[in-house]
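S.K.: If you want the building blocks of each chain, they are given just below.
Number of protein chains: 2
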Amino acid sequence: MPTTKRLEHDLAQMADLQERLWAESTGGGQRRVLLVLQGMDTAGKGGVVTHAVGVFGPIGVEYTAFKKPTEEERAHDFLWRIRKRLPGPGMIGVFDRSHYEDVLVVRVHDLVPKSEWETRYDAINAFEQELVDGGTTVLKVFLHVSYDVQRERLLRRLARPDKHWKFNPADIDERARWDDYRAAYDAVLERTNTDAAPWYVVPADHKTYRNWAVAELLRETLAELDPRYPQPDLDVATLRARLAPPH
Amino acid sequence: MPTTKRLEHDLAQMADLQERLWAESTGGGQRRVLLVLQGMDTAGKGGVVTHAVGVFGPIGVEYTAFKKPTEEERAHDFLWRIRKRLPGPGMIGVFDRSHYEDVLVVRVHDLVPKSEWETRYDAINAFEQELVDGGTTVLKVFLHVSYDVQRERLLRRLARPDKHWKFNPADIDERARWDDYRAAYDAVLERTNTDAAPWYVVPADHKTYRNWAVAELLRETLAELDPRYPQPDLDVATLRARLAPPH
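The listed protein sequences derive, respectively, from chains R and Y. When you line the first sequence up against the working numbering, it's residues 1 to 247, in that order. When you line the second sequence up against the working numbering, it's residues 1 to 247, in that order.
Simulated from the structure, these hints should not be mistaken for laboratory data. Where is the CB? At the ideal position from N, CA and C, for every residue including glycine. Don't take every hint at face value.
The following label-pair restraints were derived from C-beta to C-beta distances [as the list claims (entries may be wrong)]:
1) Y:R6 with R:D186: 49 to 59 angstroms
2) R:T208 with Y:D77: 46 to 56 angstroms
3) Y:K114 with R:V105: 51 to 61 angstroms
4) R:D186 with Y:P2: 47 to 57 angstroms
5) R:H206 with Y:A237: 28 to 38 angstroms
6) R:T238 with Y:Y209: 31 to 41 angstroms
7) R:K114 with Y:D77: 43 to 53 angstroms
8) Y:G46 with R:V149: 34 to 44 angstroms
9) R:R6 with Y:D122: 51 to 61 angstroms
Straight line, CA to CA, 27 angstroms or less: simulated DSSO-like cross-link-like pairs of lysine-lysine [stated by the list, open to error]:
10) R:K67 with R:K163
11) R:K84 with Y:K68
12) Y:K84 with R:K68
13) R:K67 with R:K84
14) R:K67 with R:K207
15) Y:K207 with Y:K5
16) Y:K68 with Y:K84
17) R:K166 with R:K68
18) R:K207 with R:K163
19) Y:K5 with R:K5
20) Y:K84 with R:K67
21) R:K114 with R:K84
22) Y:K67 with R:K84
23) Y:K68 with Y:K114
24) R:K5 with R:K207
25) Y:K84 with R:K84
26) R:K114 with R:K67
27) Y:K67 with Y:K84
Build out the structure end to end from the sequences listed, making use of the hints.
M.R.: Structure, rendered in structure tokens:
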């Protein structure tokens with residue numbers, strides 16, 4: 001973990017880099033970033049969005065929380081609703097859950113036959129390769145909370161009436177399937193950890209570390225893209241003259 | 001302008017109120033907020049979004065910048081593309097430019113016949129009344145920059161190569177029509193300043209004041225809504241027992 005001064009510098013750099021990425025697109029740049037956040041309940045996807053992604057401000061950032069699919073969404077291929085929310089040029093798209101739910105909750109609960117979800121790992125890899133080929137940097141983060149810390153966090157929600165709205169009794173049923181989810185996550189990490197779109201596993205038992213680690217991944221990703229302000233060919237002298245005050 | 005301590009308190013309250021508004025919707029609440037930002041170039045719509053709206057964080061906030069309409073958008077009624085970006089329950093929608101462009105730039109440049117744009121004031125009032133009836137608080141802000149300060153800001157952009165990407169030579173043509181725009185804004189303020197959706201004119205020559213004033217409008221709007229966390233009927237004792245550690 002960095003010093004406070006270092007952290008302030010890094011956060012300012014993140015905001016600056018994001019503005020450059022956005023600016024670059026106004027000059028025709030096609031590059032963009034997609035942050036995919038996955039993790040068990042209480043892992044802190046929302047906290048990461050608020051504290052790491054929040055550094056960027058609202059312009060140029062698009063956040064999508066994928067919930068249980070609607071009837072219309074289920075009538076289409078599992079990537080249909082995902083494609084509709086992909087970031088445009090210059091944007092940072094943030095997926096709070098994603099197409100990975102279609103090989104996680106879907107696999108754990110047998111929501112489609114195994115023959116169907118089995119084909120999805122390859123489909124996901126092809127999809128992400130297509131995104132990368134089109135100028136998207138795909139940053140996949142698995143927030144890894146431990147079984148014991150999840151218990152503590154659920155108990156804390158129960159102890160605070162103002163947090164009850166976040167508590168879904170079904171979360172405890174999901175927790176009972178911890179081993180099944182671990183197996184499903186293992187398969188994801190093994191089968192979709194590609195060169196084009198690798199996974200980052202971020203320990204999520206400590207909130208400050210978790211938020212910093214994701215911010216740092218975003219900062220490094222943007223620094224590597226090294227986006228540049230467009231340099232339009234302005235006739236500065238003429239434009240200055242046209243802005244001269246009236247006599 | 002408040003003291004720093006007061007400001008920190010107010011910003012924390014803004015973030016808390018926004019979370020409550022979002023939380024309320026998860027319990028079935030239908031209320032939502034739409035912030036409409038209008039103003040001449042350099043008035044600081046983007047600055048307000050970054051510094052005032054940015055206090056909320058990405059979750060529960062949806063930002064839309066309306067550009068020159070596409071061919072598809074022009075083939076529809078002028079409110080068509082607006083309706084597609086209206087905030088859902090619990091959300092704060094932010095419009096950077098809006099349906100008001102259809103009685104501003106459109107009127108100044110005669111993009112449609114007068115007989116057509118003349119009907120739009122009533123159409124806008126009816127539309128906004130419909131939004132209010134459906135649970136939307138419509139907050140319309142006109143950022144009022146002066147002719148001289150606009151000149152200073154355009155000159156400053158010209159002086160900084162890293163700001164050239166924001167400089168559109170056409171902005172100077174628009175500036176030459178300052179009186180026409182003033183007349184068009186006067187008509188907007190006169191004809192669409194309804195009880196259901198009043199206008200707020202915020203002086204925008206001073207950035208700090210401008211950002212604070214819009215933040216304060218948002219804070220007061222949310223405080224008046226007084227959104228509440230849902231209180232789901234949880235059987236806390238049973239849920240706690242289910243979370244007991246294994247022996």
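S.K.: It remains to establish, for every hint, whether it holds in the given structure.
M.R.: So, going through the hints one by one against the coordinates:
1. Between R6 (chain Y) and D186 (chain R) the C-beta distance comes to about 51 angstroms, which sits within the given range of 49 to 59 angstroms.
2. In this structure, T208 (chain R) and D77 (chain Y) meet the distance hint of 46 to 56 angstroms, their C-beta atoms being roughly 50 angstroms apart.
3. The given range of 51 to 61 angstroms is respected by K114 (chain Y) and V105 (chain R), whose C-beta atoms sit roughly 57 angstroms from each other.
4. Checking the proposed 47 to 57 angstroms range against D186 (chain R) and P2 (chain Y) shows it holds: the Cβ atoms sit about 53 angstroms from each other.
5. For the pair H206 (chain R) and A237 (chain Y), the supplied restraint of 28 to 38 angstroms holds, since their beta-carbon distance comes to about 30 angstroms.
6. Checked against the given bound of 31 to 41 angstroms, the beta carbons of T238 (chain R) and Y209 (chain Y), roughly 33 angstroms apart, stay inside it.
7. Judged by the Cβ atoms, the range 43 to 53 angstroms given for K114 (chain R) and D77 (chain Y) holds: they are separated by roughly 48 angstroms.
8. In this structure the supplied range 34 to 44 angstroms holds for G46 (chain Y) paired with V149 (chain R), their Cβ-Cβ distance being about 40 angstroms.
9. The hint said 51 to 61 angstroms for the Cβ distance between R6 (chain R) and D122 (chain Y), and at roughly 57 angstroms that hint holds.
10. With a C-alpha separation of about 19 angstroms, the suggested pair K67 (chain R) and K163 (chain R) falls inside the 27 angstroms cut-off, and the hint holds.
11. Between K84 (chain R) and K68 (chain Y) the alpha-carbon distance is near 22 angstroms, which keeps this suggested pair within the 27 angstroms criterion.
12. Distance hint between K84 (chain Y) and K68 (chain R) is fulfilled; the C-alpha atoms sit about 22 angstroms from each other, no more than 27 angstroms.
13. Pair hint K67 (chain R) plus K84 (chain R) holds up; C-alpha atoms about 14 angstroms apart against a cutoff of 27 angstroms.
14. Using a Cα cut-off of 27 angstroms, the hinted pair K67 (chain R) and K207 (chain R) holds, with the two alpha carbons roughly 23 angstroms apart.
15. For the proposed pair K207 (chain Y) and K5 (chain Y), the alpha carbon gap of about 19 angstroms is at most 27 angstroms, so the pair holds.
16. Only pairs whose Cα atoms come within 27 angstroms are accepted, and K68 (chain Y) paired with K84 (chain Y) is accepted, the gap being roughly 16 angstroms.
17. Only pairs whose Cα atoms come within 27 angstroms are accepted, and K166 (chain R) paired with K68 (chain R) is accepted, the gap being roughly 16 angstroms.
18. Distance hint between K207 (chain R) and K163 (chain R) is fulfilled; the C-alpha atoms sit about 17 angstroms from each other, no more than 27 angstroms.
19. Distance check on the hinted pair: K5 (chain Y) and K5 (chain R) sit about 22 angstroms apart at the alpha-carbon level, within 27 angstroms; holds.
20. For the suggested pair K84 (chain Y) and K67 (chain R), the alpha carbons sit about 20 angstroms apart, so the restraint of at most 27 angstroms is met.
21. A C-alpha spacing of about 26 angstroms is found between K114 (chain R) and K84 (chain R), which places the hinted pair at or below 27 angstroms, so the restraint holds.
22. Proximity of K67 (chain Y) to K84 (chain R) is assessed by CA-CA distance (about 20 angstroms); at most 27 angstroms being required, the pair is judged to hold.
23. In summary, the hint linking K68 (chain Y) to K114 (chain Y) is supported, as the alpha carbons are separated by about 19 angstroms, within the 27 angstroms threshold.
24. Under the criterion of a C-alpha separation no larger than 27 angstroms, the hint pairing K5 (chain R) with K207 (chain R) is consistent with the structure, at around 19 angstroms.
25. Of the supplied pair hints, the one linking K84 (chain Y) and K84 (chain R) holds, its CA atoms being roughly 14 angstroms apart against a limit of 27 angstroms.
26. The hinted pair formed by K114 (chain R) and K67 (chain R) meets the criterion: a straight-line CA distance of about 22 angstroms does not exceed 27 angstroms.
27. Distance hint between K67 (chain Y) and K84 (chain Y) is fulfilled; the C-alpha atoms sit about 14 angstroms from each other, no more than 27 angstroms.
The structure agrees with every numbered hint stated previously.
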